[in-house]
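Mapping to UniProt numbering: the sequence shown position 7 is 7, numbers consecutive.
To be clear, the hints were calculated from the coordinates, so they are not data collected in a lab.
Incorrect hints may appear among the rest.
Each computed DSS-like pair below joins lysine-lysine, with the alpha-carbon atoms no more than 27 Å apart [said to hold, decoys possible]: (1) Lys93 with Lys219; (2) Lys653 with Lys682; (3) Lys85 with Lys279; (4) Lys682 with Lys836.
Pair by pair, the computed Cβ-Cβ distance ranges are [claimed, not checked]: (5) Gln684 with Glu569: 36 to 46 Å; (6) Asp443 with Glu475: 24 to 34 Å; (7) Met849 with Gln684: 24 to 34 Å.
Keep in mind the model is a prediction, meaning the values are calculated, not measured.
Think of the CB as a built atom: it goes at the ideal place given N, C-alpha and C, for glycine as much as any other residue.
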Amino acid sequence: MDTGQDDPAKGNKRPRQRRTPLPELAELTANLNRAFRDSQYETRTQLVNRTDLSPSEVSEMLSGTARRGPDAYRRLAEALGVAPKDINSWLAKVDERRERTAGLTSPVSLEAPVALLPPSVRGRTTLWAELRRRLTSPARRLLVLHGMGGSGKSTLALRLVSFAQDRGIPAWWVPALDEETVAAHLYELAAALGATTRELAAARATGNGPRLLWGLLDKLEGPWLLVLDGADRLPAKASGSVADGTGWIRPSARGLVVITSRDSNPHRWGTRANRRPVKPLGRDDAGQVLLDYAPEAGRAQEAQDLGERVGGVPLALHLIGSYLRTSFGAATTFTQYQAELERRTAAFLDQGGPTVPPAARTHAHLRQMITYTWELSLDALDERGMSDARTLLRLLSGFAPTPLPVDTLDPELLAGRIGGEPTTVSAKEVFTPGTPPSEDERDRLLAALADMGLIDVDRTSEGTRWLQMHSLVAEVSNLHLHKDSERAQSTALLVCRLLCDFDDHHQPSAPENWPLWAMLVPHVRHVLDNAPDSPEGKFIRIGLVWACEQAANYLNRSGDTAAARRLLEQASHLTDRPDAARTFRPLLNRRRAEYAADPQERVRLAGRAMREGLVTSEFPPEEWLRAAQMRAAGLLEVGSVARAAEEIDAYVKLAEQVLGARHRVTVDIRLTRANVWTTQDKHQAAVDELTALLHIVRQDPEAGEEDGIRINLAAALTSLGDFEVAEEHARAVIRARARRLGPDHPDTLRNRILLAGILRGQQRMDEALRESADALALARRRLPPGHETILSLHLSAAEALAWSGNLERAEEELAALEPAMNRLTVPAQLWMNYLKQVHLVRRWRREGMPSRDDLVAMGLGKQDPELQRALLAAVREHNATIVELNNRAGLKTPPIQTLDDH
Numbered sequence: 001m002d003t004g005q006d007d008p009a010k011g012n013k014r015p016r017q018r019r020t021p022l023p024e025l026a027e028l029t030a031n032l033n034r035a036f037r038d039s040q041y042e043t044r045t046q047l048v049n050r051t052d053l054s055p056s057e058v059s060e061m062l063s064g065t066a067r068r069g070p071d072a073y074r075r076l077a078e079a080l081g082v083a084p085k086d087i088n089s090w091l092a093k094v095d096e097r098r099e100r101t102a103g104l105t106s107p108v109s110l111e112a113p114v115a116l117l118p119p120s121v122r123g124r125t126t127l128w129a130e131l132r133r134r135l136t137s138p139a140r141r142l143l144v145l146h147g148m149g150g151s152g153k154s155t156l157a158l159r160l161v162s163f164a165q166d167r168g169i170p171a172w173w174v175p176a177l178d179e180e181t182v183a184a185h186l187y188e189l190a191a192a193l194g195a196t197t198r199e200l201a202a203a204r205a206t207g208n209g210p211r212l213l214w215g216l217l218d219k220l221e222g223p224w225l226l227v228l229d230g231a232d233r234l235p236a237k238a239s240g241s242v243a244d245g246t247g248w249i250r251p252s253a254r255g256l257v258v259i260t261s262r263d264s265n266p267h268r269w270g271t272r273a274n275r276r277p278v279k280p281l282g283r284d285d286a287g288q289v290l291l292d293y294a295p296e297a298g299r300a301q302e303a304q305d306l307g308e309r310v311g312g313v314p315l316a317l318h319l320i321g322s323y324l325r326t327s328f329g330a331a332t333t334f335t336q337y338q339a340e341l342e343r344r345t346a347a348f349l350d351q352g353g354p355t356v357p358p359a360a361r362t363h364a365h366l367r368q369m370i371t372y373t374w375e376l377s378l379d380a381l382d383e384r385g386m387s388d389a390r391t392l393l394r395l396l397s398g399f400a401p402t403p404l405p406v407d408t409l410d411p412e413l414l415a416g417r418i419g420g421e422p423t424t425v426s427a428k429e430v431f432t433p434g435t436p437p438s439e440d441e442r443d444r445l446l447a448a449l450a451d452m453g454l455i456d457v458d459r460t461s462e463g464t465r466w467l468q469m470h471s472l473v474a475e476v477s478n479l480h481l482h483k484d485s486e487r488a489q490s491t492a493l494l495v496c497r498l499l500c501d502f503d504d505h506h507q508p509s510a511p512e513n514w515p516l517w518a519m520l521v522p523h524v525r526h527v528l529d530n531a532p533d534s535p536e537g538k539f540i541r542i543g544l545v546w547a548c549e550q551a552a553n554y555l556n557r558s559g560d561t562a563a564a565r566r567l568l569e570q571a572s573h574l575t576d577r578p579d580a581a582r583t584f585r586p587l588l589n590r591r592r593a594e595y596a597a598d599p600q601e602r603v604r605l606a607g608r609a610m611r612e613g614l615v616t617s618e619f620p621p622e623e624w625l626r627a628a629q630m631r632a633a634g635l636l637e638v639g640s641v642a643r644a645a646e647e648i649d650a651y652v653k654l655a656e657q658v659l660g661a662r663h664r665v666t667v668d669i670r671l672t673r674a675n676v677w678t679t680q681d682k683h684q685a686a687v688d689e690l691t692a693l694l695h696i697v698r699q700d701p702e703a704g705e706e707d708g709i710r711i712n713l714a715a716a717l718t719s720l721g722d723f724e725v726a727e728e729h730a731r732a733v734i735r736a737r738a739r740r741l742g743p744d745h746p747d748t749l750r751n752r753i754l755l756a757g758i759l760r761g762q763q764r765m766d767e768a769l770r771e772s773a774d775a776l777a778l779a780r781r782r783l784p785p786g787h788e789t790i791l792s793l794h795l796s797a798a799e800a801l802a803w804s805g806n807l808e809r810a811e812e813e814l815a816a817l818e819p820a821m822n823r824l825t826v827p828a829q830l831w832m833n834y835l836k837q838v839h840l841v842r843r844w845r846r847e848g849m850p851s852r853d854d855l856v857a858m859g860l861g862k863q864d865p866e867l868q869r870a871l872l873a874a875v876r877e878h879n880a881t882i883v884e885l886n887n888r889a890g891l892k893t894p895p896i897q898t899l900d901d902h
C-alpha cells in the first residue's frame with residue numbers, strides 16, 4: 001500500500017530517467033490498464049507469469065513508452081481477458097492516429113524532467129494523497145499549487161508525473177515561462193494527440209488553438225495529467241481566462257491539470273480552480289530530508305534543529321543536503337553547518353538586519369536564509385580553488401530559469417580569446433581573479449555547482465547536455481550581481497555575446513539544430529525583457545539585436561514566421577533610445593521586412609530601412625542594398641513589375657559601383673533582376689544573366705552560392721521550354737543540397753517542387769506526382785505542420801493530380817489546404833499559386849481538360865486573361881479582408897496602394 005512516503009531504501013540514488021509515453025499509444029494504453037484493473041491479477045508479476053512475455057515487454061505495453069508488435073499486444077490482451085475484436089479495434093486506432101500525426105514533429109519537448117527528483121520526497125501527506133486521488137477520480141478539474149519560490153511546488157508536480165508514468169497514465173510537462181513557450185508546447189501536444197496539419201494551420205490562423213487542444217484532450221479515455229510549471233508571469237490572455245474556461249488553461253473532467261505558481265490570487269485562477277498552498281516543511285519532515293541526503297552528518301535531533309533554522313524550505317534543505325554529502329565544505333555535520341549559518345546571521349545583524357522569531361518569518365526572511373545556504377556552498381567551492389564557480393553561477397543567472405544547452409557557454413568566449421568587434425567583452429572582466437575557464441574547467445565548475453545542488457545538469461533523450469537554475473537561485477544571484485553595476489554590465493554583455501555567437505556552430509537554418517534553438521529562444525526573450533535602458537547598455541542592446549535576428553531566423557526556418565515577426569517587433573523597443581536609433585533601427589526594419597507576411601508591408605519596412613540607413617554611417621552599404629533588394633522583390637510580389645524593374649536596374653548599378661561586380665550582395669541583386677525579367681517574359685535575358693552569374697561564382701565561390709543560381713537558372717530554362725537542361729540543373733542542385741544539408745532540409749525539398757514542375761512540363765505526370773509525394777513524406781518527418789514547405793508540397797501534389805486529369809482528387813487536396821492558405825501569414829506568392837490552381841481546377845471540371853499543347857504553353861508561363869482577371873479579383877478581396885481584420889483589432893491600416901503607388 002502506498003503511504004505517501006518514498007521507500008527509504010532508495011537511499012541517495014537519483015531515480016532513473018523515465019521515458020515519456022508515446023502520445024499515439026495513449027488510448028491503447030488506457031484501455032489495457034483498465035482491463036488490467038478489472039482483471040484477476042493484483043500485480044504485474046502475476047500477469048507476466050501468465051504470459052510468455054518478458055517483464056520489460058509487459059511494463060512497456062502498460063506504460064505506453066514503446067510500441068511492441070501486434071502479436072505481443074494480442075497475447076497480453078488474451079491474458080487480460082480482452083476480446084480479439086476489441087484489441088484489433090484498439091490497434092487499428094493506433095495505426096490511424098500514427099498516420100494522422102506522421103511527421104508532425106516540433107523541436108519542443110513535453111517530457112518532464114523526472115530525473116531531477118530528489119532522492120526522496122517527504123511530508124505533505126495530505127496534499128500528496130489529494131493529488132493521487134484527483135489523478136484518477138472522475139472530477140479531476142484544475143489544481144493550482146501555489147507558494148513561495150523554493151517551497152517544492154515543482155517537485156510535487158514532478159512526483160505526480162512520475163507516479164502517473166509508473167501507472168501507464170499519459171503525462172505532459174509544459175514550462176510556463178511566457179505565453180510563446182506555453183503556446184509552442186501546447187500546439188505540439190495537439191499534434192501529438194492527432195491534430196492534422198490542416199487543423200493546426202487553421203487553429204493558428206484563427207487563434208483557436210485552445211479549442212483544438214481541448215477537443216482532443218476531452219476525447220481521451222482514461223486519466224491523463226498536464227502540468228504547467230512556473231506560471232508566475234503569464235499575461236492575462238494566456239492564463240487569465242481560466243475562470244471562464246476559454247484559454248489554454250482550463251479545468252477538465254477527463255484529466256487533471258496542475259499549475260505551479262507563486263501567484264495565489266484567487267481572482268487570477270477563478271472559482272473553478274482548486275488552490276492549494278505549498279508551505280515549508282515541518283520540523284520532523286525537514287530533519288528527515290536532511291538525513292536522506294546526509295545520513296552520516298549527525299543525529300535526528302540535530303537535523304531537525306537545522307531544518308527548523310532554515311524555515312523548512314525544501315530548496316534550502318536541498319542545498320544544505322547537497323553541501324553535506326560532498327567533500328567540498330569545511331562543515332561536515334549538521335551542527336557544524338548550523339554554526340556556520342549562525343555566523344552568517346550574526347554578520348547580517350551586525351549590519352543592522354532585524355531579528356525575526358520563527359513564527360514571524362515572511363517569505364522575504366526565508367529567502368534571505370536560502371541565500372545564506374548557497375553562499376556557504378559557494379564559499380566551500382572557493383576554499384577548494386574554484387572561485388570562478390560563484391562568477392559562473394551569476395553569469396548563468398542572466399539566462400532564463402529554463403533548460404540551457406551547455407554548448408551556449410562557448411569556452412572560447414569564456415576564456416576571452418575572441419575580440420575585435422564592438423560588442424566584445426573580455427571574460428577577464430567577469431571572471432576575476434584568476435583565469436577564465438577553459439572547456440575542461442567550465443565542465444568541472446558546472447559539475448561542482450551541480451554537486452552542490454545549485455544547478456541541475458542532464459541530457460535530453462537525443463543526448464544534448466543542458467543545465468538549469470532554480471528560478472529563485474537565478475533571481476537572487478542576479479540581485480547580488482547588480483550590486484556591482486560595472487560587473488553587471490560586463491556580465492550582461494557576455495550573456496548577449498554567448499547568445500549571438502551560438503550560431504557559429506549551430507546554424508539556425510539546419511533542422512538538426514532546431515531542438516537546441518527551441519531551448520535557446522526563451523533565453524533570448526528573457527534577456528530582451530531585462531535589457532538595461534541606460535546609456536551604458538548600448539552594446540548590450542547591439543548584441544541583443546543580433547541574438548534576436550538569429551532566433552527569428554530559426555523561428556522562420558522552422559515554420560513559425562509569425563513568432564519570428566513578434567520577436568523582432570518586441571526587439572523594436574531597443575531602438576527607442578536616441579543613442580541607439582541610428583544604429584539599430586535600419587537593421588531591425590530590414591530584418592522585419594524579410595519576415596513580413598504581406599508584400600506591401602515588406603515594401604514599406606524595406607523602404608523605411610533605406611531612408612533611415614541614409615542618415616547613419618553605422619548602416620553598412622551592403623545592408624542598405626540588401627534592403628533595396630528586398631523592396632524590389634516586394635514590389636514584384638505585389639505586381640508592380642515595371643517599378644520593380646526600374647528600381648532593380650538602379651540598385652545593380654549602385655552595387656557594382658560601391659561594392660564591386662563580384663561582391664555577394666551585387667550577385668544577389670542581379671539574381672533578383674533575373675527574376676524580374678522572368679516575370680516580364682524576358683526569359684532569354686534571364687537565362688543569360690543567370691549564366692553569367694554562374695560563371696562568376698564558379699570562379700569565386702565567395703561571390704555567391706552556386707546551387708542558388710543553378711536552381712534559378714533551372715526555373716528560367718523551364719520558362720523557355722528547355723526542360724532537359726532545366727532538369728539536369730535541378731537534379732544536380734538537389735543531390736548537392738541533400739549531401740550538404742540533408743534530404744529533408746527545406747531548401748532541398750523546395751527544389752524538388754521545381755523538379756516536379758519540370759516533369760509536368762514534359763507530361764511525365766506519374767513521375768511528377770511521385771516526386772511531390774516522396775518529398776512530402778520527407779518533409780513531414782522533420783518540419784512542423786503549417787510550414788511553408790509542407791504547404792508548397794501539398795500544392796505541388798495537387799497540381800500534378802490536376803494536370804494528370806485526376807481533378808476530383810486535386811480538388812480534395814486543395815480543399816484540405818484552404819484553412820492554411822487563408823492565413824494572413826502565408827507568403828503572397830504561395831497564396832497566389834494556390835488561388836491560380838483552385839481557379840484552374842474549377843474551370844477544367846466545368847469546361848473539360850485543356851489540350852496537351854495548352855498545358856505545355858501554360859507550363860511555359862503563357863498569360864491567360866481569364867485567369868488574370870480572377871486572380872486580380874481575389875487579391876482585392878484579400879486586401880479588403882486585411883483591412884476589416886485590422887479594424888476589428890483596433891489597428892491602423894494604411895490605404896491599399898495601387899500597383900503604381902509604389
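Status of the hints after comparison with the structure:
A distance of roughly 13 Å separates the Cα atoms of Lys93 and Lys219; the hinted pair therefore holds under the 27 Å criterion. At roughly 20 Å between alpha-carbon atoms, Lys653 and Lys682 fall within 27 Å of each other, so this suggested pair holds. Distance hint between Lys85 and Lys279 is unfulfilled; the C-alpha atoms sit about 51 Å from each other, more than 27 Å. The suggested pairing of Lys682 with Lys836 holds, with an alpha-carbon distance near 22 Å, which does not exceed 27 Å.
Look at Gln684 against Glu569: about 43 Å separates their beta carbons, and that is inside 36 to 46 Å. Distance hint check: the CB atoms of Asp443 and Glu475 are about 25 Å apart, consistent with the given range 24 to 34 Å. Distance hint check for Met849 and Gln684: the Cβ-Cβ separation is about 30 Å, which falls inside the suggested range of 24 to 34 Å.
In terms of the numbered hints stated before, the structure departs from hint 3 and from no other.
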